[in-house]
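On the provided structure of chain A, position chains B and C as indicated by the hints.
Residue numbers (this note's numbering), protein chains in the order written: chain A, 1 to 251; chain B, 1 to 316; chain C, 1 to 291.
Note that these hints are calculated values from the structure, not bench results. Don't take each hint at face value.
As the list claims (entries may be wrong) - Far from chain B, by Cβ distances over 12 Å, these chain A residues were calculated:
id: 1; residue: 2
id: 2; residue: 31
id: 3; residue: 92
id: 4; residue: 109
id: 5; residue: 194
Claimed, not checked - Derived CB-CB ranges, DEER-like:
id: 6; chain 1: C; residue 1: 78; chain 2: B; residue 2: 129; range: 30 to 40 Å
id: 7; chain 1: C; residue 1: 13; chain 2: A; residue 2: 122; range: 37 to 47 Å
id: 8; chain 1: C; residue 1: 236; chain 2: B; residue 2: 278; range: 56 to 66 Å
id: 9; chain 1: C; residue 1: 232; chain 2: B; residue 2: 86; range: 40 to 50 Å
id: 10; chain 1: A; residue 1: 114; chain 2: B; residue 2: 190; range: 29 to 39 Å
id: 11; chain 1: C; residue 1: 9; chain 2: A; residue 2: 6; range: 15 to 25 Å
id: 12; chain 1: B; residue 1: 190; chain 2: A; residue 2: 57; range: 18 to 28 Å
id: 13; chain 1: B; residue 1: 166; chain 2: C; residue 2: 232; range: 55 to 65 Å
id: 14; chain 1: C; residue 1: 170; chain 2: A; residue 2: 244; range: 43 to 53 Å
id: 15; chain 1: C; residue 1: 17; chain 2: A; residue 2: 77; range: 48 to 58 Å
Ideal Cβ positions, reconstructed from N, Cα and C, are used throughout, including at glycine.
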Amino acid sequence: MEALININKLNLFYGAFHALKDVTLTIPEKAITAFIGPSGCGKSTLLRTLNRMNDMIPGTRIEGGIAIGGTEIYSNEVDVETLRKKVGMVFQQPNPFPKSIYDNVAYGPRLHGITSKRELDEIVETSLKSAVLWEEVKDHLKRSAFGLSGGQQQRLCIARALAVNPNILLMDEATSALDPISTLKIEELAQELKDKYTIVMVTHNMHQAARVSNQTVFFLNGEVIEYSDTEKLFSNPTDQRTEDYISGRFG
Amino acid sequence: MPGQGLQTVSKAQTASKEIYDFKNKRVSIMNKVMPVLLFLCASVSVLTTIGIVVTLISETYQFFQKIPIFDFLFGTKWSPLIPPKSFGVLPLLSGTLMITFIACLVAIPLGLASAIYLSEYAPKRVRKIVKPILEVLAGVPTIVYGYFALSLVTPLIQSIFHSAGVFNALSAGIVVGIMIIPMVSSLSEDAMSSVPRSLRDGAYALGATRFEVALKIVVPAAFSGIVASAVLAFSRAIGETMIVTVAAGSTPNMTVNPLESIQTMTAYIVQVSLGDTPHGTIEYGSIFAVGMTLFVITFLLNILAQYIARKFREEY
Amino acid sequence: MNIFQDANRKQIANRRKTDWYLHILFVIATSIGVLALCALIVDILVDGIARLQPELFTNFPSRKADGSGMKSALVGTIYMLLIMAPISFIFGVGAAIYLEEYAKKGRLTRIIQLNISTLAGVPSIVYGILGLTLFVRLLSLDRSLIAGALTMTLLVLPIIIVSAQEAIRAVPKSRRDASFALGATKWQTVYRSVMPSALPGVLTGVILAMSRAIGETAPLVMIGALTYVAFLPDGLKDSFTVIPIQVYNWLSKPQLEFKELAASGIIVLLALLLLMNFSAILLRNKYQKNV
Numbered sequence: 001m002e003a004l005i006n007i008n009k010l011n012l013f014y015g016a017f018h019a020l021k022d023v024t025l026t027i028p029e030k031a032i033t034a035f036i037g038p039s040g041c042g043k044s045t046l047l048r049t050l051n052r053m054n055d056m057i058p059g060t061r062i063e064g065g066i067a068i069g070g071t072e073i074y075s076n077e078v079d080v081e082t083l084r085k086k087v088g089m090v091f092q093q094p095n096p097f098p099k100s101i102y103d104n105v106a107y108g109p110r111l112h113g114i115t116s117k118r119e120l121d122e123i124v125e126t127s128l129k130s131a132v133l134w135e136e137v138k139d140h141l142k143r144s145a146f147g148l149s150g151g152q153q154q155r156l157c158i159a160r161a162l163a164v165n166p167n168i169l170l171m172d173e174a175t176s177a178l179d180p181i182s183t184l185k186i187e188e189l190a191q192e193l194k195d196k197y198t199i200v201m202v203t204h205n206m207h208q209a210a211r212v213s214n215q216t217v218f219f220l221n222g223e224v225i226e227y228s229d230t231e232k233l234f235s236n237p238t239d240q241r242t243e244d245y246i247s248g249r250f251g
Numbered sequence: 001m002p003g004q005g006l007q008t009v010s011k012a013q014t015a016s017k018e019i020y021d022f023k024n025k026r027v028s029i030m031n032k033v034m035p036v037l038l039f040l041c042a043s044v045s046v047l048t049t050i051g052i053v054v055t056l057i058s059e060t061y062q063f064f065q066k067i068p069i070f071d072f073l074f075g076t077k078w079s080p081l082i083p084p085k086s087f088g089v090l091p092l093l094s095g096t097l098m099i100t101f102i103a104c105l106v107a108i109p110l111g112l113a114s115a116i117y118l119s120e121y122a123p124k125r126v127r128k129i130v131k132p133i134l135e136v137l138a139g140v141p142t143i144v145y146g147y148f149a150l151s152l153v154t155p156l157i158q159s160i161f162h163s164a165g166v167f168n169a170l171s172a173g174i175v176v177g178i179m180i181i182p183m184v185s186s187l188s189e190d191a192m193s194s195v196p197r198s199l200r201d202g203a204y205a206l207g208a209t210r211f212e213v214a215l216k217i218v219v220p221a222a223f224s225g226i227v228a229s230a231v232l233a234f235s236r237a238i239g240e241t242m243i244v245t246v247a248a249g250s251t252p253n254m255t256v257n258p259l260e261s262i263q264t265m266t267a268y269i270v271q272v273s274l275g276d277t278p279h280g281t282i283e284y285g286s287i288f289a290v291g292m293t294l295f296v297i298t299f300l301l302n303i304l305a306q307y308i309a310r311k312f313r314e315e316y
Numbered sequence: 001m002n003i004f005q006d007a008n009r010k011q012i013a014n015r016r017k018t019d020w021y022l023h024i025l026f027v028i029a030t031s032i033g034v035l036a037l038c039a040l041i042v043d044i045l046v047d048g049i050a051r052l053q054p055e056l057f058t059n060f061p062s063r064k065a066d067g068s069g070m071k072s073a074l075v076g077t078i079y080m081l082l083i084m085a086p087i088s089f090i091f092g093v094g095a096a097i098y099l100e101e102y103a104k105k106g107r108l109t110r111i112i113q114l115n116i117s118t119l120a121g122v123p124s125i126v127y128g129i130l131g132l133t134l135f136v137r138l139l140s141l142d143r144s145l146i147a148g149a150l151t152m153t154l155l156v157l158p159i160i161i162v163s164a165q166e167a168i169r170a171v172p173k174s175r176r177d178a179s180f181a182l183g184a185t186k187w188q189t190v191y192r193s194v195m196p197s198a199l200p201g202v203l204t205g206v207i208l209a210m211s212r213a214i215g216e217t218a219p220l221v222m223i224g225a226l227t228y229v230a231f232l233p234d235g236l237k238d239s240f241t242v243i244p245i246q247v248y249n250w251l252s253k254p255q256l257e258f259k260e261l262a263a264s265g266i267i268v269l270l271a272l273l274l275l276m277n278f279s280a281i282l283l284r285n286k287y288q289k290n291v
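Excised from the complex, chain A in its bound form (with noise of 0.2 Å):
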C-alpha cells in the first residue's frame, strides 16, 4: 500500500494546550485507518488538521506539516475549500441540512459550480448509490432530509460527502449516535468505499476499529504511541500502554 498522507513532526496548540505532540504518521491510500485512544488523546483534534476544520478555532496554532500526495496542506497553494473538497468528512451526528435529500447531496457539487441539471441529477443518484441509500428514497428524493431514520441520516452525509468527488473521507465517530444495525451498514459501507476512497475513522469503540480497519493508530495525552496493521497492533502491540488500553485497563 503506497502512503497517501504523511504526517510530520505535528504539533498543535490550543491557546496554552498543547493538543498534539510531535506526531509522526503514514496514512495508506485506498485502505481504512483508525484513530483510537480515550477520549481527550487528540485523535479527533488530528483528523480535523486533515481536512483543516480547525483553521475556525480561534487560537489554533500549528507547527510541522501535513502532505497529501505530496503537497503541503498548510501551504498557500491549496485552497481551504479546495483541500476540503477533496477530503470529505463525516460527522458523529448526523448533520443533514434542513433541506430536501436530494438538496443535499447536490449542496457540495453547486457550490463547486455545477449548474446544469442533468448533471446534478446523475451526481446525486451516483453518490446515494454509492452511499446504498438510493433504493431506500430514490422516489421520494424531495422530501426532507429529516423525515430519515439516524441511520439513513448519516449514509446521506456520506452521500452528501462523495457528491464532490473526494479522494479522502474523514469519519468522525461516525457511528457513536447510531444503533447497533445501522452501524453495521455504515461499516459494510466502508469496506466497499475502500476500493476507491482513502478512509480515516476516528472511533471510541475498538471492536470496530479491530472490524473494519486495515491500519491503526494508538493516541495516547496528544501523542501516537503506537501504529501499525490493525491486526498487529491488536494481537502483538509493542508498548505495554497499548496493551493495557486495548485490553480494557483504562479508557
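Just chains B and C now, kept in the frame of chain A:
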C-alpha cells in the same frame, strides 16, 4: 434559608405534645392566603387587556353611532377639527404605513446584515462589545430620537432634497428605522445562533466559504426566526409615537412623497390629547377609533410573529 | 501525484472575493447602527452642554429660555419613580411567583402567559388611552401624579413579570427540595429559599423596567401630564410633569434657545438612564458571582 426550617423543627420537638401534631395552623394561613393574593397579582395583566379592549370597543362603538364605520374605514379625508369635519382614516393609515415602510427599509437590511456579521463573521470579542451597543439603540427614549430627527437628520435631508419640508416622513421614517435596528438584529442573531454548529461544520467540510454557509445554510435554517423579528419590528414602527409626532408633522395627507409632512395614527392621538378636547365630542371619540385601529393592527402582527417564531422552535 | 491539480482555483478565488466583499458590506451595515448612536450622542452633547447649568435644576420653566429650568420635571420624574417602583414591584413579582411556583400547567395559566407576552407588544400610546379612561375619568383621579404612575405601572408590568419569571426559574430545584425536605411549607420555601436567591435578578429587571418608564412620553401626554408646570406636586392628586414631557415642550418651540434647553434636558435624562442601567449591571454581575 434551610437553617430557619431547622428552627421550626426543633421548636416542635421541645414541646413534646406537639410532636405528632401535624396540623400546624399558623403556617397554613399563609399557605391558603398567599396563592390567592399572588393569583390576583397575575390577573392584573389579564384585567389590563380586558380594560384596553373594553375601553376601546365601548368608545369606538359610540363613535360609530355618529360616524358610519364605512366612512371611517374607507374615507380619504381626515379633517376632525376644521369643518366640514371628515373622519376617513385612510390618510392617517397611509401616513403610518409610509413611516413604517421607510423604517423597515432601513432596519431590515441593516439589522439582518448586522445579525449575519455578529453571528457568522465577528470574532467573539467584537461581538461581545458590538451587540450590547446596538441594543442601546432600542433603549434610547423616543423623545430623544425625535430630537435627533429634527436637529440632525432633517437638515441633512433638506440639504440633499431642497423640496423637503421641516416636517417630513422621510426623516421620521429613517430615525424610527434606526430605533428598530436592534429588534431585527438581536432577534435574528438569536435565531441564527441557535442553528446547530454541526450544520455549519457540514457545509464547511464540503468546501463552502463563510458567505455560502451564512446565506445558504444559516439564514434559511433561521428563516422563520428572522421573519418573526421583522414582523415585530414592523409592529413596533407602527406604534411608535413621539418620533413621528415631533418630526413627521401633523398634516393628514394621502401622499406617496416622503418629503412631505404627513400625520400618523399615533401622532393624531397625541395631537388631540394635547388640546383640551371635552369628553363626549366626536373628536374625543375619534382617538378611540384610531386607537382601536392601531391596537388591532399591532395585536394581529404580534400574534403572527409569535406564531412564526413558535413554528421555528419546533424545527429543532 | 497531486490530487489538488484538477481544482478550479479561479472559481474558488471568485467565491473568496465575494465572501470578502460581503464581509465588508456586513461590517459597514453593522457600523451604521453604531455610528448613528455616536452621532446622536455627539449631536445632543454639542447642543446641550452649554445650558447644563445649575439653573437647569433649580429653576422652574419659564417663557424665556434664559433662566428656564426643569426643576418641576426632575422632581416629577423622581416622584413617579418612587410611586411606581413599589407598586410595580409587588404586582410584577407577585404575578411572577404565581406563574412560576403556584400556577398549575393548564389553560388558564397558558392564557395569562400568552396575555403577558402580547401586552409587551402593545404600543405605549394605547396604555395612555386606557389610563385616560380608567384612571383619569372613571376613577376621577384627574390629570394627577397617581394617574400617571398607575398608567406607567400597567405599561411596565409585563416587562417586570417576564424578567422576574426568568430570575425565579434560574433558582435550582435543589434549593426548593432542600427547603421542603426540612418541613418548610410552600410559602416558606418561596419566601425564604427561592426569593432570596432570585432577588438580585428580579431587582435588575425592575430597574431596567423603571428606566424604560422614565423615558416614556406618549402615555403621559395622553393622560395629560402638563407641559408647563411651575410648581412642585404636593400630593398624589396634584398635576405634574416629567423630564421627557418637558423636553417635548421645549422641542416644540421654534426658538433655537429652547432647542438647546431640550438638548440639555435630554442629557439629564440620558445620565439618569445611564445611572440606572449601570446599577442594574452591577447588580447582575454580583448576582452572577453568587450563583
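Here is how each hint holds up against the structure:
Remark: the non-interface label on residue 2 of chain A is consistent with the geometry, its nearest Cβ contact in chain B lying 25 Å away (cut-off 12 Å). Distance check for residue 31 of chain A against chain B: the nearest CB is about 21 Å away, which clears 12 Å, and the non-interface claim stands. Chain B draws residue 92 of chain A into its interface by the beta-carbon criterion, the shortest separation being 8 Å against a cut-off of 12 Å. Taking the minimum C-beta to C-beta distance to chain B, about 9 Å, the non-interface status of residue 109 of chain A is violated against the 12 Å cut.
With a least beta-carbon separation of about 20 Å from chain B, residue 194 of chain A lies farther than 12 Å from that chain, consistent with its non-interface assignment. Between residue 78 of chain C and residue 129 of chain B the beta carbon distance is about 32 Å. The supplied range of 30 to 40 Å therefore holds. One distance hint, 37 to 47 Å for the beta-carbon pair residue 13 of chain C and residue 122 of chain A, is violated here, with the actual separation near 27 Å. Taking 56 to 66 Å as the suggested C-beta distance range, the pair residue 236 of chain C and residue 278 of chain B does not conform, at roughly 25 Å.
For the pair residue 232 of chain C and residue 86 of chain B, the supplied restraint of 40 to 50 Å holds, since their beta-carbon distance comes to about 43 Å. The beta-carbon spacing between residue 114 of chain A and residue 190 of chain B, approximately 35 Å, falls within the hinted interval of 29 to 39 Å. For residue 9 of chain C paired with residue 6 of chain A, a C-beta distance near 23 Å keeps the hint of 15 to 25 Å intact. For residue 190 of chain B paired with residue 57 of chain A, a C-beta distance near 23 Å keeps the hint of 18 to 28 Å intact.
Under the hint 55 to 65 Å, the C-beta atoms of residue 166 of chain B and residue 232 of chain C, about 35 Å apart, miss the expected range. For residue 170 of chain C and residue 244 of chain A, the Cβ-Cβ distance of about 44 Å falls inside the hinted range of 43 to 53 Å, so the restraint holds. Taken as a hint, the range 48 to 58 Å is violated for the pair residue 17 of chain C and residue 77 of chain A, whose Cβ atoms sit roughly 19 Å apart.
Of the numbered hints given earlier, the model fails hints 3, 4, 7, 8, 13 and 15; all others are met.
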